[in-house]
Amino acid sequence: MKATLLFASVILCAVSAHAADVKGQTYNTVEEQPEPYATIRIFALTDTVKPVTYGTTNESGYFTLHASPGKYRLKAQAVGQKTLQRDFELTSDGIDFGRLDFQPDNLLSEVTVQAAKPLVTREIDRISYDVTEDADAQTSSVSEILSKVPMVNVDGEGNITVRGSSSFKIYKNGRPNKSFSTNAKELFKAIPASTIKKIEVITDPGAREDAEGTSAILNIVTTDNSTIHGAMLNVNLHASSQTDFVPTPFLWGSAQLGKFVASAYGGYWHSNRANSRSHSESITDYVQTGNRFESRNINSGTNDGGYAGIDMSFELDSLNLFTAEFSYNQYGMKADTESFNKMFGCDGNELYSYHTTGFSHVSPSIWLEGAFNYQHSTRRKGELITLSYQISGNTSKTNNQTNYVDAVNMPVDYTQTNLLSRTRQIEQTAQADWTRPFGEKHVLDIGAKYIHRYNRAKSHQDYVGGEGIIDDNFSHLTQVAALFADYRIKFGRFGARAGLRYEYSRLSAKFNDPDKTDFSSNLNDFVPNASFSWSPNDKNTFKASYGMSISRPGIDYLNPTVVSSPLSVSYGNPNLESARNNSLNLNYSFMSAKFFLDASVNYSFINNDMAEVTTVDNDFITNTYANGMHTRNWSVSFYGSWNPTAKTSFGLNGSFGQDHLSLRTTDYKSLTRWNYNVMLRYTQHLPWKLRLSVFGAIFTQGASSLYYYMTFPNLSNFYYAANISRSFLKEDRLTVTLGVHNPGRMHGTYEQHTVNMDALSVSRSTSYRQTAFMVRVAWRFGSMSAQVKTIDKIVNDDVRGAKSAPSQSQQ
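Residue numbers (this note's numbering): -4 to 806.
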């Protein structure tokens, strides 16, 4: 790692030594003041398409760019100003243009002005990165551009975090996209950035974007030019030492015929046994009896997944747009387990022992989703009426078997357990939205939404040699009807936003068991949000916000099926209620031409959260779920980026805070844990079209349960990686990337500690193959400027304790 950084620094110094400075200041002659954030591009005289270097002026209109000696053309652009152009010859001494005076463009209605704007802009609820203004977009993937977006980090493996957290939603053109959310890691590495218009980080989702439960949104806005015919195909192959260099393929293509545009994609991933091999050792002390249980476990398995999708749009005319999307995801898993277990009495003598072998097999779980949308634009600029319908479904089958062998004085009479479970989920959603601007300062969004969510779970359990066969059949229906209104105002340097969402929900459960009683409940929720911002100048912004979100229990939390082992039993709770999360945020951001800083203080609380409830009775543990947990979280998060030159960038993303959980039941329980996350990034463009990226990150986990917390001995929570890539062929159509992740680390270890129960334990788990060598090849065929048009659509993100389609990054 030190050698890599030293090499990069030497190269950087060498490159800088051969570059000369181009300086100047842009000036607004009408307002008689400097023109801030103008876009400066420098072209070779023989190439007026792709700039040699580019940047934006600072808040005082000054700029400094670097280029090798030669003949160039400088173009300066700003909104409402005529493009300013200067031809010049650059020597090793550099050049200072002094003051560059913009002239107002008074012919906006007669000519087309290509007015440029800063790469980064901000609104009251979001920060935007203009991909079309980034010269690297023509030869980069979406994943590579994302690493430049404020508050977004992409590590060496392609995993994405927003404000240091992986808990966020991904939208496409203002609406959720199942494929993006499920397969972001692989999709964004393959999709060309040239098809993207801008990337937005929505830091304060309102009543419209955030129906239920999202703290941040990453919105990918695609280009809207659909007037050029053409076709494009991207082929992406990834191979890693962690999977014995078995290639993982991905295809993405797009084509257009008249007003009809379609894009399709597909991919496959695999994880072998060697990559998933792990072992763990645990010791549990039972407070009531003084007994001690020792266990050693060995696990390995394979995982496979595939995905495909198609997006289509048809623009009937300039006012009417129809879109449709379909996606398919499949996941399968085979795992083998083995354990060695012994129970000792308080006097140290062995009470019983047993050895287990078993397997867990997930038959291909399938997720299907379809969405249909219609958008009508009125003659009033910015006014939109959108109608959407979405249907999604999932089916899953799991077969688990455990064999008890070499048993001595076993506390149960069965010798084998077989559990066959099947789940099915079908969800339908209809939504209508109306966006209405009033003048230039006011925007009102109103809408309605209906969700019909059906879950069914069946299980067949066979305790061989024991109590025999147990069958369960449980179904759960959730219906939600919602109305929302969202209002935004921009007045000078002040901005405000307020929204309110009303939701009526009906939850009902049915059992195929005469001993159990069906039930239903009706809930009424008002979900408010508000934010206020003030920018004393173009450099600084202060913001305060409040928001509420709702989480509803999923099928895994609700399912009452009882699953037993010699030492424990677990089951869901069909009487769970939704939880309301309240959050407060104070934010400060600083923006200049080369530096960006964002810092926030956050506080959130829940008074009736869903929680795991664990009890111990004579060495036997019972696990279920209940409402009533109080959750308090505060944190300080920060993001910084610095671009000293057009070819060099540094990034810092981090947070620290405290989680406090408490449960006020028959006996009071609480847990407080600190957490912190820090990620560093360095990117350097080198000669010969080489690009070097170095990453480093360290993280901890706060409190997510009352009964356990995680620690990471020997800095096993530290991640580091380096990638180097080069583009080949005409228009850089072929890109090859080589990478190394965690060099020198053979395994990773974490410890789980249990608290707040009469069974105190420490479990140490070790996973292997932490060091990885990677190669990725991306090849782009064809050319087109069209992109499938999309419409703001449906998002449902209110469910906790429900399965979602796994991606490779989740395995």
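Check before you lean on any hint, since a few could be wrong.
[Claimed, not checked] Derived pair list, reagent style DSBU-like, types lysine-lysine, alpha-carbon separation capped at 35 Å:
| no. | residue 1 | residue 2 |
| --- | --- | --- |
| 1 | K511 | K45 |
| 2 | K453 | K376 |
| 3 | K376 | K329 |
| 4 | K505 | K45 |
| 5 | K18 | K511 |
| 6 | K66 | K254 |
| 7 | K329 | K77 |
| 8 | K192 | K642 |
| 9 | K193 | K18 |
The hints are simulated quantities; they were obtained by calculation from the structure and are not laboratory data.
For the pair supplied as a hint, K192 and K642, is the alpha-carbon distance within the 35 Å limit? 21 Å, holds
Given the proposed pairing of K511 with K45, does the C-alpha separation stay at or below 35 Å? 70 Å, violated
Would the pair K193 and K18 pass a check requiring their Cα atoms to be no farther apart than 35 Å? Measuring from Cα to Cα gives roughly 28 Å; hence the hint holds.
Does K511 sit within 35 Å of K18, going by the straight-line distance between their CA atoms? 79 Å, violated
With the threshold set at 35 Å, check whether the alpha-carbon distance from K329 to K77 stays at or below it. Outside the cut-off at roughly 64 Å; violated.
Are the Cα positions of K376 and K329 separated by 35 Å at most? 55 Å, violated
Keeping to a limit of 35 Å between CA atoms, is the pair of K505 and K45 held or broken? The given pair, whose Cα atoms are some 64 Å apart, is violated under the 35 Å limit.
Straight-line alpha-carbon gap K66 to K254, limit 35 Å: Violated - the C-alpha atoms of K254 and K66 are around 43 Å apart, more than 35 Å.
With the threshold set at 35 Å, check whether the alpha-carbon distance from K453 to K376 stays at or below it. 52 Å, violated
Comparing the model with each earlier hint shows violations of hints 1, 2, 3, 4, 5, 6, 7; every other hint is respected.
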